[in-house]
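Student: Protein chains in written order, with the numbering used here: chain A, 1 to 320; chain B, 1 to 326; chain C, 1 to 575.
In short, the hints are calculated from the structure, not lab data. Quick caveat: nothing in here was measured; it's all calculated off a predicted structure. Treat the hints with caution; some may be incorrect.
[To be verified] Residues from chain B that face chain C, not an exhaustive set, calculated with beta carbons under 10 Å:
| # | residue |
| --- | --- |
| 1 | Leu229 |
| 2 | Lys241 |
| 3 | Asp316 |
[What the hints assert, rightly or not] Straight-line distance between alpha carbons at most 16 Å, and here's what the computed EDC-like set of lysine to aspartate or glutamate pairs gives:
| # | chain 1 | residue 1 | chain 2 | residue 2 |
| --- | --- | --- | --- | --- |
| 4 | C | Lys420 | C | Glu430 |
| 5 | A | Lys210 | C | Asp400 |
| 6 | B | Lys129 | A | Asp313 |
| 7 | C | Lys17 | A | Asp313 |
| 8 | A | Lys210 | C | Glu481 |
Where is the CB? At the ideal position from N, CA and C, for every residue including glycine.
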Amino acid sequence: MTDNTPTVSGSEASEAPRSAMARFLDSDLLHSFLSSKVTVLAAFTTVVLMLAALFAPLVAPFNPFDLAQISIMDARIPPIGMEWSDPRYLLGTDDQGRDLLSGILYGMRISLAVGFLSVAFAAVLGISLGLISGYVGGRTDAIIMRIAEVQLTFPAILLALLIDGIANGIFGNIDRETWAIWILTFSIGLSFWVQYARTVRGSTLVEKNKEYVQAARVIGIPAWIIMIRHVLPNVLGPVLVIATINLALAIITEATLSFLGVGVPSTQPSLGTLIRIGNDFLFSGEWWIAIFPGLALAILVLAVNLLGDWLRDALNPKLR
Amino acid sequence: MFGFISRRIAMALVVMFVVALISFLLFRFVGDPVNQMVGIETTPEQREALRQRLGLNDPVLVQFFRYVLGAIQFDFGNSYQFKQPVADLIGRRLPATLELSFASAIFALLLGIPMGVYTGLNRDSWLSKMFLSVSLVGISLPTFFIGILFIFFFSVTLQWLPSFGRGEVVALGSFWDTGFLTISGLKAIILPAITLGLYQMTLIMRLIRAEMLEVMRTDHIKFARARGLPNRSVYYIHALKNTMVPVITITGLQLGSIIAFAIITETVFQWPGMGILFLQAVQNVDIPIMAAYLLLTAFIFVFINLIVDILYVVIDPRLRTERGRA
Amino acid sequence: MSILDIRGLTVEFPSRKDVFTASRNVNLSVDAGKILGVVGESGAGKSTVGNAVIGLLENPGRIAEGEIHLDGKRIDNLAAESMRKLRGKRIGMIFQDPLTSLDPLQTIEFQLVETIRLHLPLSKTEARAHAVDLLDQVGIPNPEERIAQYPHQFSGGMRQRVVIALALCADPEVVIADEPTTALDVSIQAQILKLMKRLCEEKNVAMVVITHDMGVIADLTDHVAVMYRGDLVEYGESKQVLGAPKHPYTQSLIAAVPRPDVKVHRFPQVDYIEGSAKPFKQIDIGTHWLGKARDYKSVDGPLLDVKDITMKFLTKDAWISKNRQYFTALDKVSFDIHAGETFGLVGESGSGKSTMARVITGLYHPAGGTAHFAGQELTSLKDKKQVLAMRRQMQMIFQDPFSSLNSRMRVRDIVAEPIKFHKLASTNSEVNQIVDDLLEHVGLGIAAAAKFPHEFSGGQRQRISIARALATRPRFLVCDEPTSALDVSIQAQILNLLKDLQDELGLTMLFISHDLAVIRQMCNRTGVMRHGQLLEVADTEDLFDKPQHAYTRELLSLMPSMDGLSRQNLEEELA
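With the sequences and hints as input, model every part of the structure.
Tutor: Quick look at the structure:
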């Protein structure tokens with residue numbers, strides 16, 4: 001009933017409805033995206049890096065897993081522009097003579113795969129539990145939220161390390177190469193679900209008391225359909241923001257675990273593994289082996305974080 | 001008020017109980033403790049005798065009870081790798097980790113809070129934008145990579161600060177070795193503390209900024225302005241205090257996780273703390289150390305959260321009166 | 001000479017696409033000791049005028065043209081710091097929501113003393129004494145004791161008194177009150193209005209009251225300014241403007257106000273108001289879809305019979321059942337509703353009237369009591385088929401048009417959902433045909449089907465809600481404050497639509513409202529509720545003429561009197 005915020009009230013009902021495309025082209029979201037140069041650049045970088053990683057076998061000059069292409073004679077060649085550099089190796093080579101650029105592209109593949117998979121796992125688990133917790137309420141809610149609280153007692157990195165340690169204890173070192181990535185995905189995903197659950201629960205508590213949900217109940221629609229058809233689409237906004245920021249966090253966590261030597265095995269090096277290998281050569285002056293993979297990781301994560309940051313501000317109507 | 005605090009204490013006890021249970025299950029069921037303790041040539045009879053002596057044939061509940069009772073008296077069993085009591089191993093390394101965590105927490109709070117308040121109040125100033133950009137880079141660089149860069153610049157290239165270890169330490173009593181009292185000790189802690197604290201500082205800054213922006217939009221701030229209160233009073237008396245409840249929650253969580261993140265920093269800087277010990281335990285499936293470390297970090301975490309809850313009551317009068325309105 | 005003088009004020013909000021003019025060339029003035037009302041519906045620009053005077057326009061608003069003078073001196077061009085010094089000292093402001101206007105973490109004393117010492121040269125003890133004195137003046141009992149308390153320890157009405165004390169602490173010459181009573185119950189509203197009037201006279205303050213409520217204007221103001229879409233359309237002495245409005249907008253606005261003192265059959269159709277519906281299309285119930293399959297069994301006796309319904313809410317949970325604490329929202333409520341009638345429930349917030357609606361529609365399960373609908377017991381229904389059949393017969397219209405529609409669904413899907421769910425049509429094209437019909441019928445037109453809810457105004461959304469409720473072809477409609485979030489002119493249209501639908505479809509209605517005047521226009525019989533109890537049930541006209549219960553009499557006496565309002569356009573509709 002107040003007119004604090006000036007709005008032009010009510011578009012006329014007679015006006016023809018616009019197509020979804022036209023609405024998107026005119027939307028504030030697209031406008032805010034295009035008006036932020038940093039965001040556009042970040043989006044561009046993200047897409048380029050993801051495509052490069054996805055098509056690494058086509059893009060990369062070498063296949064770092066193909067032993068026939070690797071020669072120990074080429075080990076530790078510095079990047080282009082330095083003395084002793086070799087034009088075949090743009091960013092130099094590592095201690096085993098693998099081309100660093102190719103290693104980074106293939107490594108990014110693994111980093112991104114683990115990142116996306118663990119975010120998907122955390123999101124599905126977190127959204128489902130949050131939705132149930134918020135909508136059903138009562139004891140169910142209390143139990144799920146207590147579990148979340150206990151879980152929060154373990155920071156992500158600790159939990160991932162623990163799960164990895166337990167997996168080691170149970171499976172031993174047999175077949176580590178095949179299950180390492182799945183264990184990693186599981187342990188990273190498991191440490192992030194709480195955030196989704198709490199956010200979704202919070203929004204669900206708000207949405208469930210809104211009258212459109214009550215209207216659906218008065219019609220007689222059962223709870224699970226209301227949850228999926230009515231509540232879920234309305235709580236996904238903040239989830240998208242969390243998922244973007246979590247992707248960055250998952251990539252960092254994977255890199256960290258690999259750096260600590262408990263992540264992916266070194267036969268399938270991710271960016272973190274490359275940095276760990278390079279770290280040993282830092283003091284002897286072969287800085288590129290650690291720094292280039294590190295920069296690639298930082299640029300990837302920064303680009304994703306910038307997107308997440310923009311998305312958060314753009315989806316928060318109060319900041320407009 | 002007492003109701004609130006006692007409920008939180010009860011909650012903390014429940015959390016500790018659950019963690020103890022997880023930790024016990026780890027200890028007891030991941031890998032066979034007996035296999036880890038004896039050689040290959042031990043006969044099945046000897047194994048069975050050891051099993052009996054360790055109480056592994058007792059009912060699980062009895063074993064759990066014994067485990068908890070032991071944990072309360074700092075008895076976590078023997079390490080599989082070192083064949084020494086876990087409590088001694090951890091106790092020797094605890095001071096290093098606590099000093100590192102403390103230094104980085106102070107660093108994160110002292111810089112993060114003022115920066116957050118500043119960027120929240122001066123949304124459009126160039127300094128705020130710079131802080132925000134730097135902070136974004138800060139959360140995008142993995143901790144271990146920051147450490148590597150620091151070592152590369154300040155130790156390898158400039159040779160200003162040491163790249164590993166704690167420097168000289170001074171014994172305080174029989175339990176505590178401190179690096180705070182020697183020049184080399186202080187120099188040694190600078191890089192690891194900043195590396196560890198940077199991420200927390202960024203998070204705290206961004207959180208306070210977001211809360212500040214939120215509070216500045218509320219009605220009571222608008223009403224304070226309509227009464228002609230100067231910015232100073234609106235910002236620091238009315239706005240800042242109202243941002244404190246969410247800020248304290250997250251800050252508490254963050255400080256709790258510093259101990260865990262110390263694992264990474266300790267590895268990069270070869271800091272002789274319990275993080276490295278834990279990492280070795282994970283790599284070598286040294287379950288007793290893992291279980292004890294788990295219990296210890298959980299305890300520190302729960303303890304910090306309890307302090308956070310008590311701070312709530314101090315800040316928010318609505319929690320002090322049990323029944324809402326008069 | 002007037003204390004506050006606004007000349008040619010134009011306020012603009014530039015945005016990405018265009019410039020929105022919130023107020024256009026507004027001229028107003030107020031004298032000391034007088035109250036000026038600024039009235040209008042949402043989007044009229046009335047709050048903008050208030051915010052411009054106190055120099056707190058929201059970003060990116062700016063004064064594009066015009067001048068504001070305080071006691072002869074121009075203030076709209078003052079520097080920010082000088083303007084700040086004016087605020088609180090010479091111009092005070094009162095906001096709408098007392099629950100959020102005070103800093104929850106500081107005591108009342110701190111907030112008062114801080115403001116007093118900012119503006120007046122007093123010592124701490126003197127300031128405190130002044131603060132206690134102020135609290136006494138605004139009618140807070142035991143001010144010495146209560147000054148040390150925190151805002152959450154005060155009720156809503158008491159908090160609004162504290163807000164008023166804060167606005168008055170430096171004896172300002174002008175006080176601007178933006179919807180000062182909108183968030184309050186009728187009885188509290190009457191007290192606050194009385195207090196404001198008294199303080200205005202005692203302290204010789206010039207007051208600007210911004211409101212959407214004609215009752216407040218009639219009760220409180222000396223002069224009134226009527227705004228419409230940023231324009232000042234009429235300005236003059238309140239008695240004259242309300243009694244003999246000249247501008248057609250003012251005329252239609254006044255005609256749309258529900259009167260507590262007379263009953264009209266329909267609100268006069270006014271064409272000045274935007275978004276007004278196409279004329280109501282009469283349909284032949286015998287052939288129309290809405291009429292088909294209305295083969296409900298007729299019932300002997302009441303359609304709905306509610307007996308001893310009790311409802312409790314958990315306020316403090318505990319694992320041990322005896323430690324749980326409950327709030328009794330409904331305390332043995334009994335009434336009945338006959339087929340074809342409209343039964344009203346009236347009461348203040350917290351009286352339990354909305355809870356009753358939710359118990360009947362099955363959203364809440366009562367702790368005790370029975371409810372029979374068409375002879376069938378509702379509260380113990382278990383069989384899924386029976387539950388669904390019951391749901392189909394009974395639909396609900398909600399209060400908030402902005403939250404009662406799922407913003408992610410198109411209007412077609414919203415209205416079609418109940419039809420599809422209850423399998424009331426066999427093919428998709430049949431469903432679409434029915435949705436089009438319904439939208440047409442509630443005055444929206446079929447083009448609405450392809451749009452999303454946010455493309456509609458509040459009144460239009462409420463029409464969508466009504467279409468959705470009609471989609472199951474119900475015979476019983478529960479209306480929970482269906483118009484209290486709407487502007488008064490839109491309210492009149494929606495009430496007319498409900499009346500027409502009832503006549504046409506023979507609907508039975510439970511109509512819930514806090515507004516006695518609306519109840520009088522809509523209901524055949526009415527029950528009065530307070531604190532979860534039903535105090536009195538009577539024929540509506542009898543209730544107004546000879547109220548039995550003391551609380552009913554009190555409620556009636558607190559209603560703003562609308563005697564002074566023009567009855568132009570109403571004559572032919574008077575009952």
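Student: Given the hinted pair Lys17/C and Asp313/A, is their alpha-carbon gap at most 16 Å?
Tutor: Given pair Lys17/C, Asp313/A is violated - Cα atoms ~20 Å apart, limit 16 Å.
Student: Do the alpha carbons of Lys210/A and Glu481/C lie within 16 Å of each other, as the hint requires?
Tutor: holds (15 Å)
Student: Sort out whether Asp400/C lies within 16 Å of Lys210/A, counting only the CA atoms.
Tutor: holds (9 Å)
Student: Given Leu229/B was flagged as interface, is its beta-carbon under 10 Å from a beta-carbon of chain C?
Tutor: OK, holds: Leu229/B within 10 Å of chain C, min 6 Å.
Student: Tell me if the straight-line CA distance from Lys420/C to Glu430/C falls inside 16 Å.
Tutor: holds (10 Å)
Student: Less than 10 Å between beta-carbons is the criterion; does Asp316/B satisfy it with respect to chain C?
Tutor: Since chain C brings a Cβ to about 6 Å from Asp316/B, closer than 10 Å, the hint holds.
Student: Was the hint right that Lys241/B lines chain C, CB cutoff 10 Å?
Tutor: Holds: closest Cβ of chain C sits about 5 Å from Lys241/B, inside 10 Å.
Student: Check whether the Cα positions of Lys129/B and Asp313/A lie no farther apart than 16 Å.
Tutor: With a Cα-Cα distance of about 15 Å, the restraint between Lys129/B and Asp313/A holds, given a limit of 16 Å.
Violation of the numbered hints given earlier is confined to hint 7; every other hint is satisfied by the structure.
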